[in-house]
Amino acid sequence: MTAFLPVALLLTALVPAGIIFFLPDNRERLRAFINLTGAVLKLVLVGYMLLSVMGGAVYEARFPLVPGLDLWLRADALALLFIALSAFLWLLTTIYAIAYFAGGENLSRFFGFFSLCVAATVGIALAGTAITFFVFYELLTLATWPLVVHKGNAASLAAGRSYLAYTLSGSAVFLTGIVFLTAGTGPIVFVDPPDMAAVEPWLARTAFVLMVGGLAVKAAMVPLHGWLPIAMAAPAPVSALLHAVAVVKAGAFGIVRVIYDVYGTEVVQDLDLGLPLAVLASITIIYGSLQALRQNDIKRRLAYSTVSQVSYIILGASLAGPFATIGGLVHLVHQGLMKITLFFCAGLLDEKLKITRIDQLDGVGRRMPLSMLAFSIAALGMIGVPPTAGFVSKWYLGIGGLQAGEIWVVFVLVASSILNAAYFLPLLYRAWFVPLPDSPDGERRVAGAIERPWSFVAPPLVTALTALLVGLFAASPLSPLAWATLIAERTYLP
Amino acid sequence: MNGALDQLFLAATLLVPLAMAGLPIVRPWRDRALRLLPLAPLPALAAVFLVADGTTLVLPDLLLGARLAIGEQAPPFLLMATLLWSFAGLYASHALADDPRRGGFSASWCLTLTGNLGVFLAGDVVSFYVLFAMVSFGAYPLVVHDRTEEAVSAGRVYIALAVLGEVAIFAGLLLASVGVGSLLIEDVRDYLPLSPNQPHALAFLLVGLGLKAGLVPLHIWLPLAHPVAPTPASAVLSGAIVKAGIFGLMQFLPLGFTLDVWASLLTTLGVVTAYYGVLVGLTQRRPKTILAYSTLSQMGLVMALLGTALRAPPEALPPDVVLAAAGFFALHHGFAKGALFFSVGVAEKAGRRVLPWIMAVAALLALAVAGLPFTGGALAKLALKEAMPDGPPLTFVVFSAIGTTLLLGRFVLQLAQTGKDSDDARPAAASVVAWLAVSALALVVPWLVFEAITGAPAATALEPEKLWDGMWPILAAAGIALLAAAEPGSDLAAPAGRSGRMMLAALRRLPRPRLPEPTVLDAAVVRSGALAERLETGLVRWSIAGTVLLALALLTILTLLL
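Protein sequences appear in the order of chains S and Z.
Note that the first sequence ends on residue 494 in my numbering; no numbers are left out.
Note that the second sequence ends on residue 562 in my numbering; no numbers are left out.
In isolation and in its complexed conformation, chain S is listed as follows:
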């Protein structure tokens, strides 16, 4: 049983991928059925595993890959945090994507890679060794490329090229780092971190820089973030998944693994690696927001916002102390919920009203009230307006920073909140307070059937509501905060 569940979790995405690739494009219903069955099954499995892991269970499966290298799957609390997020958002994104692409072309190819992408994410979460992690990390790179270039136009292809150039070089650096450290310590197994005392400090530092530097490409840390805004050429569901769970988060998750399960927080601080990383993360937070401020394209503004927000996770991980850890980990979930909502809505605006720029948003709140309601909740969450999820992340990060003796973290959070307000509030103002351009009073034009079908509008509403509820009931034992606290307890009180 313990070996079966992690494998089953992978299979819930791999098997649909395998089948869907061979379905003819016109079998829409069957494809949707397979997709949704996989997604629901996965959610059920994750729910079951969450309960058992909370009680202390650990699921493990090992397969020999080549002699001396095992493919090792292991579901610990941290893995499940990431998997639970991806399972939940995958289901919603699938529903959304089916509505988004209704009647489109090459959909079997698309949904096949889509499932593969999710399988890779699960693999990354479950990976028990650095090499296993790397295998899935690469699978993710390759499975995502066809999604990015799905539209097949020049912009998409250029985006795909830059995506591959960035991520493959990043992977190469990451791999070098793994090899480097492995040469000093033997195979890197997350559950049993290598004994860093035996490693020369310079080697440990170099390996850390290489590994984190390589992972930072996908996590879009400045100055390695250039691919992300370009990848906006991808269809909305892809952007949503890319920004919320798949690629960007895989990078951030990798950095979290390296800090907690390869080096350990104490070693990271002893080697003086924590503070520089925290500073780099803070620079990214501020720089991403500054760039977001000057975008007029909605998706590009959201993309730079991702650059900024994902580094909260890295900031939390690089500061020593339980509160910072909790803040970083919980933001992994919170950012995912809020950002996917924003991209869902951006996709809706584009599809339904051909709105892609901020200056076209005037009065749109009256035409698409539900979508803009979801968008507003998520945007306020990004700013950190309580009681949304973003507030909880910021609170814990701020306390964590102060506990680590780094008072400047508070200033970074304050600056980031102000910048977030500066680039999100004007959107909300246009949507809700400026009348529609073609009706001077702006009152009587109310949308009839724009926000249809329900499968198109419900996903952002569900994610926005969740983002609100996880903040409002942050102290509840069922919240992501409670789970992040559990992980932090297991990290700091072994």
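Hint data in this document are derived by calculation from the structure and do not stem from the laboratory.
Take the hints with a grain of salt, since some may be wrong.
Partial selection, computed: residues in chain S whose CB lies under 10 Å from chain Z [stated by the list, open to error]: (1) G56; (2) F391; (3) Y429.
Over the 10 Å line for every Cβ pair with chain S, so calculated as not near, a few chain Z residues [stated by the list, open to error]: (4) L15; (5) S182; (6) D190; (7) W262; (8) T283; (9) A416.
Backbone N, C-alpha and C define an ideal beta-carbon position, used for all residues, glycine too.
Given chain S, work out where chain Z should sit, using these hints.
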């Protein structure tokens, strides 16, 4: 006593208005939502009287563990806020009955109300912050409701400073709560004098909370935003909502500890605010703007009072005396300022026949704010003075009454210009009821609750000495006004003679505070954008090459090593 019924009552004080905020979403209930506005604060009003002392509602799952209670300082604030919001709701329900945006108005009205009441009930810092944010963001639609250019521009200043205030409070609460081990407001406040983060925490809290209360120089939004809102919204903004900032300061300032620098800073800024409000207010012509400056000035007095209490006795009076006085002063000011704002709305709809009556009531209220004997304001001033130690701050407070009289006297005169150009025009009955009711509350309620709040008998205010204390500033102001009027070509705006007039003229020439116009802002963005664009392009080009080069170089080193 912690009965389940009491707790339920406490929850209802916030849940009822919160639920009502959702009503206008359902289109058929939009009008009903507006008509029900007067009822929204009633559960809270009832709770002030009915909920047993010490009732605490603990909701461990909510936020980071929420706690609501009617604390020691809350009753005067709750009493004032609930009654004022209720009558303002009555006013609004008629004044906005045909307004095309009444749905959104009702919703943000109820949200702001929930936050406003909640701030007085919050027992832990996170709940306080959440509810405070609800006030700040919820009130934005009220400010820009009319969508005039002026309202939108005031709204821009409002929201920019509201965001600034929110993040300042956030940072202040973070700094104050780290290391406490509890999120209860009282624990955080008690730890503050010992906290290593004390200077930063206090600075941020003072900025965030002072901003809401109009502390100079953070006040610039207030005289812009309060007057542009529809009259009932102006009334609650200036009457009840500024008190959220005052209440926050009362909750978080560690009164009774010697924090000399902070004591001097807050007292000085408070006094500056009090006089600045009068001086600049005198240069204004619009009645509502004059009232907003008067709010500034009055809140300055409360902040000066709180500042004097940031010292240990005997240099200062005991914290509970000071807090009671501040609460009592806020109670009276809330009613009086609310009623004065209503009088503007009523006067705007009035013809020549009724206008003098309206001005008479307004004048009485104005004198009450200045501390006229036998009015509620006399008690408010008495409480304020009794809670301050002898010294320059007290003197400043005493003399401020002259300024208040002049400022509000000018308000009453300006009111004469607002009426309708007809003989018989009459304001709507509902607005008259709201206005007269709140005026009566302002004059009477302070007498009823003085002893309960401050512990001293209200009859103290009737001693001849106190009567004279209340009377002479008003007489002095009248004298100044007469002198100024006697000089040809001058008006009340020149109370201190020629030099004063010159100073005021200079003040009047000051540019009105407002954020850059959008076009200016855009130009700035474009300019900074060019730089950022170059940086970004460079980074993008550099980073690909950089990554690859780094990887290759290190691979080479690695192979050499192995």
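Evaluation of the provided hints:
no., hint, verdict
1, G56, "violated, 23 Å"
2, F391, "holds, 8 Å"
3, Y429, "holds, 8 Å"
4, L15, "holds, 13 Å"
5, S182, "holds, 13 Å"
6, D190, "holds, 18 Å"
7, W262, "holds, 19 Å"
8, T283, "holds, 31 Å"
9, A416, "holds, 34 Å"
Hint violations for this structure: number 1 only, all remaining hints satisfied.
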